[in-house]
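Just so you know, the protein sequences line up as chains A and B, in that order. The working numbering puts the first residue of the first sequence at 2, with every later residue one more than the last. The working numbering puts the first residue of the second sequence at 6, with every later residue one more than the last.
Hints may contain errors.
[To be verified] Dumping the calculated BS3-like pairs for lysine-lysine here, alpha-carbon to alpha-carbon at most 30 Å:
| hint | chain 1 | residue 1 | chain 2 | residue 2 |
| --- | --- | --- | --- | --- |
| 1 | B | 183 | A | 482 |
| 2 | B | 48 | B | 384 |
| 3 | A | 295 | B | 384 |
| 4 | B | 417 | A | 374 |
| 5 | B | 280 | B | 71 |
| 6 | A | 295 | A | 310 |
| 7 | B | 41 | B | 98 |
| 8 | A | 361 | A | 386 |
| 9 | A | 311 | A | 482 |
| 10 | B | 384 | A | 497 |
| 11 | A | 506 | B | 280 |
| 12 | B | 32 | A | 374 |
| 13 | B | 280 | B | 52 |
| 14 | A | 324 | A | 482 |
| 15 | A | 482 | B | 384 |
| 16 | A | 361 | B | 32 |
| 17 | A | 28 | A | 311 |
| 18 | A | 361 | B | 417 |
| 19 | B | 417 | A | 482 |
| 20 | A | 448 | B | 41 |
| 21 | B | 280 | B | 41 |
| 22 | A | 324 | B | 183 |
| 23 | B | 384 | A | 448 |
| 24 | B | 228 | B | 71 |
| 25 | B | 228 | B | 183 |
| 26 | B | 32 | A | 482 |
| 27 | A | 374 | A | 482 |
| 28 | A | 448 | A | 310 |
| 29 | A | 506 | A | 448 |
| 30 | B | 52 | B | 71 |
| 31 | A | 295 | A | 506 |
Worth flagging that the hints you see were computed from the coordinates, not collected in a lab.
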Amino acid sequence: MLGWEYPPRLAGGLGKACQGLSVAMAKRETQVFFVLPTFPEHVHESHLEVMGAREVLIEAGYDLSQESFSSHSVSDSMGRSTTRGLNRGLGAVSAGAGSSFEFLRSEAQLFPYGAAPDGKITDRLEKIMSSEVIHEFGTGDEIGDLARNQVTETIFNQEYGRAQAQITKSKKSKITKIYEGTTTKVAPKTAQGAPEKSLKKTGEIYGKNLWSEIEKYTQHVRQLSETHEVDVIHAHDWMTFPAAFEFQRVTGVPVFLHVHATEYDRSGDNLNNEVFRIEREGFKKATHIFAVSKYTAGIIERLYGVHRKKISIAYNAPDDAEKSALAPPTASNAKTFRESSQVIFLGRLTFQKGPDHFLKAAALVLQARPEAKFVFCGTGDMLDKLRSQAHRLGIEPSVHFAGFVDPSQVDEILIHSKVLVMPSVSEPFGLVALEALRCGIPVILSKQSGVREVLHRALQVDFWDHEKLADQIIAALTLPKLSLQLVEEGMDQIQKLSWDGTAEKVIDIYRSYIGSTYSQSIEGAHGH
Amino acid sequence: MATDLCFYFQVHQPWRLRHYRFLEVGKNHSYFDEEKNAAILRKVAEKCYIPMNNLLHELITEHAGKFKVSFAITGTLLSQMEAYAPDVIASFKRLYDTGQVELLSETAYHSLSALYNPEEFRAQVILHREMITRLIGPPANVFRNTELITSDAIAKLVSEMGFAGMLMEGADHILRWKSPLFKYRMAAAPNLVALMKNYRLSDDIAFRFSDRGWSQWPLTSEKFADWVKMIELENPVSARGGSPFIGLFMDYETFGEHQWASTGIFDFMRALPGKLLAQEGTRFVFPSEAVARAQSEDTSFQIEAPVPFSWADVDRSLTAWQGNPIQDASLRAIYRLHDPVMRKAAELRAEERSDEAESLIETWRRLTTSDHFYYMCTKYFADGDVHKYFSPYESPYDAHIIFMNVIADLEKTCGVQASERIGA
Numbered sequence: 002m003l004g005w006e007y008p009p010r011l012a013g014g015l016g017k018a019c020q021g022l023s024v025a026m027a028k029r030e031t032q033v034f035f036v037l038p039t040f041p042e043h044v045h046e047s048h049l050e051v052m053g054a055r056e057v058l059i060e061a062g063y064d065l066s067q068e069s070f071s072s073h074s075v076s077d078s079m080g081r082s083t084t085r086g087l088n089r090g091l092g093a094v095s096a097g098a099g100s101s102f103e104f105l106r107s108e109a110q111l112f113p114y115g116a117a118p119d120g121k122i123t124d125r126l127e128k129i130m131s132s133e134v135i136h137e138f139g140t141g142d143e144i145g146d147l148a149r150n151q152v153t154e155t156i157f158n159q160e161y162g163r164a165q166a167q168i169t170k171s172k173k174s175k176i177t178k179i180y181e182g183t184t185t186k187v188a189p190k191t192a193q194g195a196p197e198k199s200l201k202k203t204g205e206i207y208g209k210n211l212w213s214e215i216e217k218y219t220q221h222v223r224q225l226s227e228t229h230e231v232d233v234i235h236a237h238d239w240m241t242f243p244a245a246f247e248f249q250r251v252t253g254v255p256v257f258l259h260v261h262a263t264e265y266d267r268s269g270d271n272l273n274n275e276v277f278r279i280e281r282e283g284f285k286k287a288t289h290i291f292a293v294s295k296y297t298a299g300i301i302e303r304l305y306g307v308h309r310k311k312i313s314i315a316y317n318a319p320d321d322a323e324k325s326a327l328a329p330p331t332a333s334n335a336k337t338f339r340e341s342s343q344v345i346f347l348g349r350l351t352f353q354k355g356p357d358h359f360l361k362a363a364a365l366v367l368q369a370r371p372e373a374k375f376v377f378c379g380t381g382d383m384l385d386k387l388r389s390q391a392h393r394l395g396i397e398p399s400v401h402f403a404g405f406v407d408p409s410q411v412d413e414i415l416i417h418s419k420v421l422v423m424p425s426v427s428e429p430f431g432l433v434a435l436e437a438l439r440c441g442i443p444v445i446l447s448k449q450s451g452v453r454e455v456l457h458r459a460l461q462v463d464f465w466d467h468e469k470l471a472d473q474i475i476a477a478l479t480l481p482k483l484s485l486q487l488v489e490e491g492m493d494q495i496q497k498l499s500w501d502g503t504a505e506k507v508i509d510i511y512r513s514y515i516g517s518t519y520s521q522s523i524e525g526a527h528g529h
Numbered sequence: 006m007a008t009d010l011c012f013y014f015q016v017h018q019p020w021r022l023r024h025y026r027f028l029e030v031g032k033n034h035s036y037f038d039e040e041k042n043a044a045i046l047r048k049v050a051e052k053c054y055i056p057m058n059n060l061l062h063e064l065i066t067e068h069a070g071k072f073k074v075s076f077a078i079t080g081t082l083l084s085q086m087e088a089y090a091p092d093v094i095a096s097f098k099r100l101y102d103t104g105q106v107e108l109l110s111e112t113a114y115h116s117l118s119a120l121y122n123p124e125e126f127r128a129q130v131i132l133h134r135e136m137i138t139r140l141i142g143p144p145a146n147v148f149r150n151t152e153l154i155t156s157d158a159i160a161k162l163v164s165e166m167g168f169a170g171m172l173m174e175g176a177d178h179i180l181r182w183k184s185p186l187f188k189y190r191m192a193a194a195p196n197l198v199a200l201m202k203n204y205r206l207s208d209d210i211a212f213r214f215s216d217r218g219w220s221q222w223p224l225t226s227e228k229f230a231d232w233v234k235m236i237e238l239e240n241p242v243s244a245r246g247g248s249p250f251i252g253l254f255m256d257y258e259t260f261g262e263h264q265w266a267s268t269g270i271f272d273f274m275r276a277l278p279g280k281l282l283a284q285e286g287t288r289f290v291f292p293s294e295a296v297a298r299a300q301s302e303d304t305s306f307q308i309e310a311p312v313p314f315s316w317a318d319v320d321r322s323l324t325a326w327q328g329n330p331i332q333d334a335s336l337r338a339i340y341r342l343h344d345p346v347m348r349k350a351a352e353l354r355a356e357e358r359s360d361e362a363e364s365l366i367e368t369w370r371r372l373t374t375s376d377h378f379y380y381m382c383t384k385y386f387a388d389g390d391v392h393k394y395f396s397p398y399e400s401p402y403d404a405h406i407i408f409m410n411v412i413a414d415l416e417k418t419c420g421v422q423a424s425e426r427i428g429a
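Sequences are here, hints too, so could you generate the full structure?
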């Protein structure tokens, strides 16, 4: 498995999903090597090894202070490589950029959500992603004309017309550098966005280097092919896609891509075209794709032109701790709850999370419930716009921008609120909904979210339907039996989700592609 | 040797609410979705009521006095037909005028008032009698409660109103070792004859008819007649006298709406009476005839029902309408409004605004219709089963929100404090 986040160093949604899946698969006698760019801890358990590519290579005696791709490593890559462990690409020298991995040891992290790299993809990555790799596990045949021509405006408008999304209609794959000069290129890992104080620093230091970091990771993963023999590559989100295909080029193993979010979910109409291309080419080349929801599968199908049959759903799940309610409601909690009129938005303040829709509904709610309070937890590029919108709507006194809230305090805020609203324009999954239920408050889910597929016992609304959203918020504020039932039934439904179930499904799909080879190796592993 | 077959059809449509928002409270008092109610009624009339009435009319004519059926037509449907489909009332009237149709009594609003407010229950039964007598004809002295909900207390209420018989579900947990083929007395009201629904044969038609996964699919009229014959052979005239009674009780919308015409349900029904009547001793009876026969037979066995039961679901419980927090909150809220609504109506009458008074009471009563609480049931809202769930609202929670918004406006109209809402 290839990923960029793994607890405890990174405890957000993506990292937790990677851990949940890896652990559950290891329990099922599947030997999992989880490769991060860097991971000093080096977890080594039965059937599960979590390692930093860099550390492993250094341990193995590679000198990473002078590294780059060898000149032949990509250029001779056309065609199929079936020999495993082929020694190539080591030893070539170029300017030492090894220190650029240092940032991963610092507190700020590269995070694919909200982290849009500057500039263009590097030539080497470009070659990896665009090479017509021919292998026995799926071809580009399933991809339609749609993807080749990129996305047409029509499709976008049909699907997301109400979101006023637009996309450059282009066959040349050029796009304005939307993020140039902003400070939000790289955000540390949290659902809410970045702590404000560190935004600037991380943006300045790391933004420009993302492509070279991806390239370096790709190279390290390829080098691991010399020491690690695997049957399947499973890569989480776009930053790992080049590494997956580079590994495949050397070893010939099938590549499974796991999509936790697409560029559309991250950026909406401000798609970074380079990222979009990596995703699109990756989907085209992949043996099979896992999406975190049917909703996300639909985006991959329609916006990236991938045949639906090539995509399977692998739902996220809460871990065991998350399945149990926090403190049971005590008398004082119940009283606080009864007296609270607080409505919570928790997430990055960006277009795709729909904070502006939250504000418009708030204005309606306040007509009937002037005592209601609306709290934004999180930061993002829309903060100023939202402040002035609140001012224009004349509801400033009832709206509070709490900024970035430390994850350890999120539960406390949720417990003292009446309802969590997730008005996303596009939300691949939406783990925050499960967190709210656990804190004993109901959630209102956007119908443009993945989590509603596994939590249909919840209030649901189209993000653009402000009247209905307002009505549901008023109901959550004033109908205690409704809230009680939503939390109870929602928690019941969460119990049915499990990483074991998802892992089983993933393994079944591996099997359907590699069949007996895989079964034998599982038996082999079992025999040890 | 004889078998009594009794067809009883439940005919009902509720007054569905529109998406009434809380922000309309105090400003807008029109709650019902006129357009949707009219459209659904027209659709059901065309798919079911009209063609099925015509078919029954043909069969009655064809079998000259030997084929007969009974109906319970709710007041909410009658008032919708008056408003949107008077031709359907005429169609029922024409059928009734053959003399081969019996009408049953019930609450005009298909409500759960028997469980929540006996006084209101009696008022709604009387209203229904007046309404159906005016539009179609007088009902028989036999009662059927909403969704066949029955209990000792309800049987007592019904008996006290002078009814001689009552239809109910032949539920296993109520009958235990007893057979649904015999007629019983209610222990709590010994004058009341209990007519049992034969749920196997009834549900073969109502639910399983088009189920291709059912071992007996496809169901033919021959096969069904054979099953009836078998019952007769296995249950000869009993020592206690009387003939086996087979209650075929079902929703009228089974024909053409629940089971589409393409399933062959109409063809099945067209052939069935002839096949049954061809068997010696098989005869069709009205519920009132079955009750009268029971009175001359030894029906000393009694039925006890301390806990209410219904014809719904596998467990025949009431959990389709009550029991979850939002259902119970809604039921409490609507029945708590009874007295304030009546008080307000009296005030309006005193001010010579009796139209407003009648309209207020009518609105409140339409909100007592059991369907509103059925839409809030979450047990059908199971995983992946959402689409099978029949409701005008997107979810049970939305149904509750809309209902409580309407309640809030009604409370305001009546000048009462809402205690179900926080901070209201």
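We went through each hint and held it up to the structure:
no.: 1; hint: B:183 to A:482; in the structure: violated, 41 Å
no.: 2; hint: B:48 to B:384; in the structure: holds, 28 Å
no.: 3; hint: A:295 to B:384; in the structure: holds, 24 Å
no.: 4; hint: B:417 to A:374; in the structure: holds, 25 Å
no.: 5; hint: B:280 to B:71; in the structure: holds, 12 Å
no.: 6; hint: A:295 to A:310; in the structure: holds, 12 Å
no.: 7; hint: B:41 to B:98; in the structure: holds, 25 Å
no.: 8; hint: A:361 to A:386; in the structure: holds, 13 Å
no.: 9; hint: A:311 to A:482; in the structure: violated, 43 Å
no.: 10; hint: B:384 to A:497; in the structure: holds, 16 Å
no.: 11; hint: A:506 to B:280; in the structure: violated, 53 Å
no.: 12; hint: B:32 to A:374; in the structure: holds, 25 Å
no.: 13; hint: B:280 to B:52; in the structure: holds, 25 Å
no.: 14; hint: A:324 to A:482; in the structure: holds, 22 Å
no.: 15; hint: A:482 to B:384; in the structure: holds, 16 Å
no.: 16; hint: A:361 to B:32; in the structure: holds, 21 Å
no.: 17; hint: A:28 to A:311; in the structure: holds, 26 Å
no.: 18; hint: A:361 to B:417; in the structure: holds, 27 Å
no.: 19; hint: B:417 to A:482; in the structure: holds, 21 Å
no.: 20; hint: A:448 to B:41; in the structure: holds, 24 Å
no.: 21; hint: B:280 to B:41; in the structure: violated, 40 Å
no.: 22; hint: A:324 to B:183; in the structure: violated, 47 Å
no.: 23; hint: B:384 to A:448; in the structure: holds, 22 Å
no.: 24; hint: B:228 to B:71; in the structure: holds, 21 Å
no.: 25; hint: B:228 to B:183; in the structure: holds, 25 Å
no.: 26; hint: B:32 to A:482; in the structure: holds, 26 Å
no.: 27; hint: A:374 to A:482; in the structure: holds, 21 Å
no.: 28; hint: A:448 to A:310; in the structure: holds, 23 Å
no.: 29; hint: A:506 to A:448; in the structure: holds, 25 Å
no.: 30; hint: B:52 to B:71; in the structure: holds, 26 Å
no.: 31; hint: A:295 to A:506; in the structure: holds, 15 Å
Against the hints set out earlier in the document, violations occur for numbers 1, 9, 11, 21 and 22.
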